[in-house]
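> Sequence:
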Amino acid sequence: MKKLPLKIALLLIVLISGSNLFAQDFQGKASYMSKTTMDLDQFGGQDMTPERKNQIQERMKSFLEKEYTLTFNKLESIYKEDEKLAAPGARGGRGGFGSSLTGGPIYKNVQTKELLKDEEFFGKQFLVKDELKAIEWQMGTETKTIGQYTCFKATATIEPQGVDFRSFRGPRGARSRNNSEGAKDSTDANKPAEPKMIEVVAWYTPQIPVNQGPGNYWGLPGLILEVNADRTTILCTKIVLNPKEKETIEKPKKGQEVTQKEYTEITTKKMEEMREMYGGRNRGGGRRRN
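According to mature numbering (1 follows the signal peptide of the UniProt record, and there is no 0), the stretch in the sequence shown is residues -23 to -1, 1 to 267, in order.
Fair warning: there could be bad hints in the mix.
Stated by the list, open to error - Below 27 Å or equal to it, Euclidean Cα-Cα: the simulated DSSO-like pairs (lysine-lysine) are:
#	residue 1	residue 2
1	Lys221	Lys12
2	Lys12	Lys106
3	Lys57	Lys101
4	Lys57	Lys228
5	Lys12	Lys57
6	Lys106	Lys221
7	Lys51	Lys173
8	Lys228	Lys173
9	Lys221	Lys57
10	Lys12	Lys173
11	Lys61	Lys121
12	Lys246	Lys173
13	Lys61	Lys90
14	Lys90	Lys223
15	Lys101	Lys121
16	Lys61	Lys223
17	Lys238	Lys106
18	Lys6	Lys173
19	Lys57	Lys106
20	Lys173	Lys110
21	Lys238	Lys228
22	Lys51	Lys247
23	Lys173	Lys230
24	Lys231	Lys247
25	Lys61	Lys110
26	Lys106	Lys51
27	Lys101	Lys221
28	Lys121	Lys6
29	Lys101	Lys51
30	Lys51	Lys130
31	Lys238	Lys61
32	Lys231	Lys173
33	Lys43	Lys6
34	Lys231	Lys61
The set of hints was computed from the structure by calculation and includes no laboratory data.
Let's have the full structure, built from the sequences with the hints guiding it.
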């Protein structure tokens, strides 16, 4: 990470020297809203009508729009999705996409560099245990206000973790790309694309001088209140410092213990199998109605 600009360094000194945030029992809670957009054309949806696309987007809304709570202290944090009651008359998620891939709590310890994730994939529980890797943030001097907090901008280029679902496009999209490029073998279309690097823009506030943030994001001299990464935006909507009732930050413990690399390999292999099955059914039964 680059050295802090003088403006930020001076602000940090003033804030930390006059702040009681670093009391031994300090704790905070931040609420976040996460929203992801999806281009259905990347999943074989080129031939869908706008109405059909809107129907699918609405069905996936519960998967693409979520609310989380980050509970943090000086060294640790736990990031959990808020539980919601199903809407009356809504279809259950059994067998659906959202029920097949469920992200649980994410625990980070910035002192020991410990990262723990509770993940469920097709009914199987995993405990992803790995090192909390540093993010090479590029510090800026641009500011904006989020709520009552002055935030500074930082950027980074990272490789996304886990499964990149855009790599598993529908067979129609794969064929159209092959036809347009003309030089690729058909077997190449069934392979997931190489993981791409994504640009991340984060806004953090030195007014809360802890280097925590939502999800996997951390490592800035202040709590991260907003993240824009590829098609996902995470925005802090509420902050409570030193609540009367403290919450114990517990590490996730359940599930088969794997590293992030191993978990990515497991999920990627399963998604490849599903894509092949989907492609086979489409080729074999595409004209059943005729």
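> Take the hints in turn and mark each one as holding or not.
So, going through the hints one by one against the coordinates:
About 30 Å separates the Cα atoms of Lys221 and Lys12, which puts this hinted pair outside 27 Å; it is violated. As the CA atoms of Lys12 and Lys106 are separated by approximately 26 Å, the hinted pair is consistent with the 27 Å bound. Annotation: proposed proximity of Lys57 to Lys101 holds, straight-line Cα distance about 19 Å (limit 27 Å). Distance restraint check for Lys57 and Lys228: the Cα-Cα separation of roughly 12 Å lies within the 27 Å cut-off, and the hinted pair is therefore satisfied.
A C-alpha spacing of about 15 Å is found between Lys12 and Lys57, which places the hinted pair at or below 27 Å, so the restraint holds. Taking the CA atoms of Lys106 and Lys221, the gap is about 32 Å. The hint is violated against a cut of 27 Å. With a C-alpha separation of about 33 Å, the suggested pair Lys51 and Lys173 falls outside the 27 Å cut-off, and the hint is violated. As the CA atoms of Lys228 and Lys173 are separated by approximately 31 Å, the hinted pair breaks the 27 Å bound.
Distance restraint check for Lys221 and Lys57: the Cα-Cα separation of roughly 20 Å lies within the 27 Å cut-off, and the hinted pair is therefore satisfied. Restraint check for Lys12 and Lys173: satisfied, since their Cα atoms lie roughly 20 Å apart, inside the 27 Å limit. With a C-alpha separation of about 31 Å, the suggested pairing of Lys61 with Lys121 is violated against the 27 Å cut-off. Using a Cα cut-off of 27 Å, the hinted pair Lys246 and Lys173 holds, with the two alpha carbons roughly 18 Å apart.
For the hint pairing Lys61 with Lys90, the CA-to-CA distance comes to about 31 Å; that exceeds 27 Å, so the pair is violated. Simply put, Lys90 and Lys223 have alpha-carbon atoms about 23 Å apart, close enough for the 27 Å limit, and the pair holds. Using a Cα cut-off of 27 Å, the hinted pair Lys101 and Lys121 is violated, with the two alpha carbons roughly 42 Å apart. For a cut-off of 27 Å, the pair hint linking Lys61 to Lys223 stands: about 22 Å separates their Cα positions.
With a CA separation close to 10 Å, the supplied pair Lys238 and Lys106 stays within the 27 Å bound. The hinted pair formed by Lys6 and Lys173 fails the criterion: a straight-line CA distance of about 33 Å is larger than 27 Å. Distance check on the hinted pair: Lys57 and Lys106 sit about 17 Å apart at the alpha-carbon level, within 27 Å; holds. For the suggested pair Lys173 and Lys110, the alpha carbons sit about 18 Å apart, so the restraint of at most 27 Å is met.
With a C-alpha separation of about 20 Å, the suggested pair Lys238 and Lys228 falls inside the 27 Å cut-off, and the hint holds. Proposed proximity of Lys51 and Lys247 is contradicted: the alpha carbons are some 38 Å apart, above 27 Å. With a CA separation close to 31 Å, the supplied pair Lys173 and Lys230 exceeds the 27 Å bound. A C-alpha spacing of about 21 Å is found between Lys231 and Lys247, which places the hinted pair at or below 27 Å, so the restraint holds.
Taking the CA atoms of Lys61 and Lys110, the gap is near 31 Å; set against the 27 Å cutoff, the hint is violated. Proposed proximity of Lys106 and Lys51 is supported: the alpha carbons are some 21 Å apart, at most 27 Å. Distance hint between Lys101 and Lys221 is unfulfilled; the C-alpha atoms sit about 37 Å from each other, more than 27 Å. Taking the CA atoms of Lys121 and Lys6, the gap is near 21 Å; set against the 27 Å cutoff, the hint holds.
The suggested pairing of Lys101 with Lys51 is violated, with an alpha-carbon distance near 33 Å, which exceeds 27 Å. Simply put, Lys51 and Lys130 have alpha-carbon atoms about 22 Å apart, close enough for the 27 Å limit, and the pair holds. As the CA atoms of Lys238 and Lys61 are separated by approximately 31 Å, the hinted pair breaks the 27 Å bound. Of the pairs offered as hints, the one joining Lys231 and Lys173 is violated, with about 31 Å between alpha carbons and a cut-off of 27 Å exceeded.
Taking the CA atoms of Lys43 and Lys6, the gap is about 17 Å. The hint holds against a cut of 27 Å. Note on Lys231 and Lys61: the hinted pairing holds, with a Cα-Cα distance of about 22 Å set against a maximum of 27 Å.
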